[in-house]
Amino acid sequence: MGRPKKAESQAAGKRKAAAPKKISKKAKKDPNKPKRPPSAFFVFMDDFRKEFNEKNPKNKSVAAVSKAGGDRWKSLSESDKAPFVAKAEKHKEEYNKKMDAYNKKPEKSSGRSKDEEEEEEEQAEGSKSEVEDEEDDEVNFSNDHLFQIFQLMV
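Residues in the sequence shown are numbered from 1 upward in steps of one, following the UniProt record's numbering.
Hints may contain errors.
As the list claims (entries may be wrong) - The list that follows gives simulated cross-link-like pairs (lysine-lysine, DSS-like), each with its CA atoms no further than 27 Å apart:
#1 Lys29 / Lys55
#2 Lys33 / Lys104
#3 Lys33 / Lys87
#4 Lys33 / Lys92
#5 Lys92 / Lys28
#6 Lys35 / Lys104
#7 Lys29 / Lys97
#8 Lys50 / Lys74
#9 Lys58 / Lys74
#10 Lys105 / Lys29
#11 Lys29 / Lys90
#12 Lys81 / Lys50
#13 Lys74 / Lys87
#14 Lys92 / Lys35
These are calculated hints, taken from the structure and not from any lab test.
All chains, full assembly: derive it from the sequences and hints.
As structure tokens, this is what we get:
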């Protein structure tokens with residue numbers, strides 16, 4: 001006869017193993033990171049939504065507002081779009097300043113003075129040269145060295 005049908009195999013007590021849950025490799029978002037600036041179109045849409053809702057107070061459709069806004073944006077000339085582009089540039093400059101400040105956050109202090117940290121770095125440099133001098137092809141790092149390398153990568 002052939003292979004048993006699904007119903008027969010399930011009746012016999014054979015079940016397929018449940019698929020393992022996938023673990024997300026996506027990095028968690030930092031809530032302190034500044035939001036990206038709006039484009040000229042989105043600056044335009046902020047004004048357009050207010051205007052559209054005043055003219056059409058009974059309209060509850062987001063799609064209708066978006067479609068009308070998109071059509072109007074396409075019909076605008078470059079000179080009509082200029083004020084929105086200028087506002088978007090201002091938002092972008094502010095965003096870049098915030099991102100610079102965000103990226104220059106002081107690293108978590110280990111509670112040591114700068115002199116102690118500099119001495120430790122010098123010792124690490126000395127031990128790195130010792131490791132390089134070894135005749136073996138394998139490089140052996142201590143946990144402290146691995147930790148320092150990891151911090152440099154992050």
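Hints and how they fare:
no. : hint           : verdict
1   : Lys29 / Lys55  : violated, 39 Å
2   : Lys33 / Lys104 : holds, 12 Å
3   : Lys33 / Lys87  : holds, 21 Å
4   : Lys33 / Lys92  : holds, 15 Å
5   : Lys92 / Lys28  : holds, 24 Å
6   : Lys35 / Lys104 : holds, 17 Å
7   : Lys29 / Lys97  : holds, 20 Å
8   : Lys50 / Lys74  : holds, 19 Å
9   : Lys58 / Lys74  : holds, 25 Å
10  : Lys105 / Lys29 : holds, 16 Å
11  : Lys29 / Lys90  : holds, 25 Å
12  : Lys81 / Lys50  : holds, 17 Å
13  : Lys74 / Lys87  : holds, 18 Å
14  : Lys92 / Lys35  : holds, 10 Å
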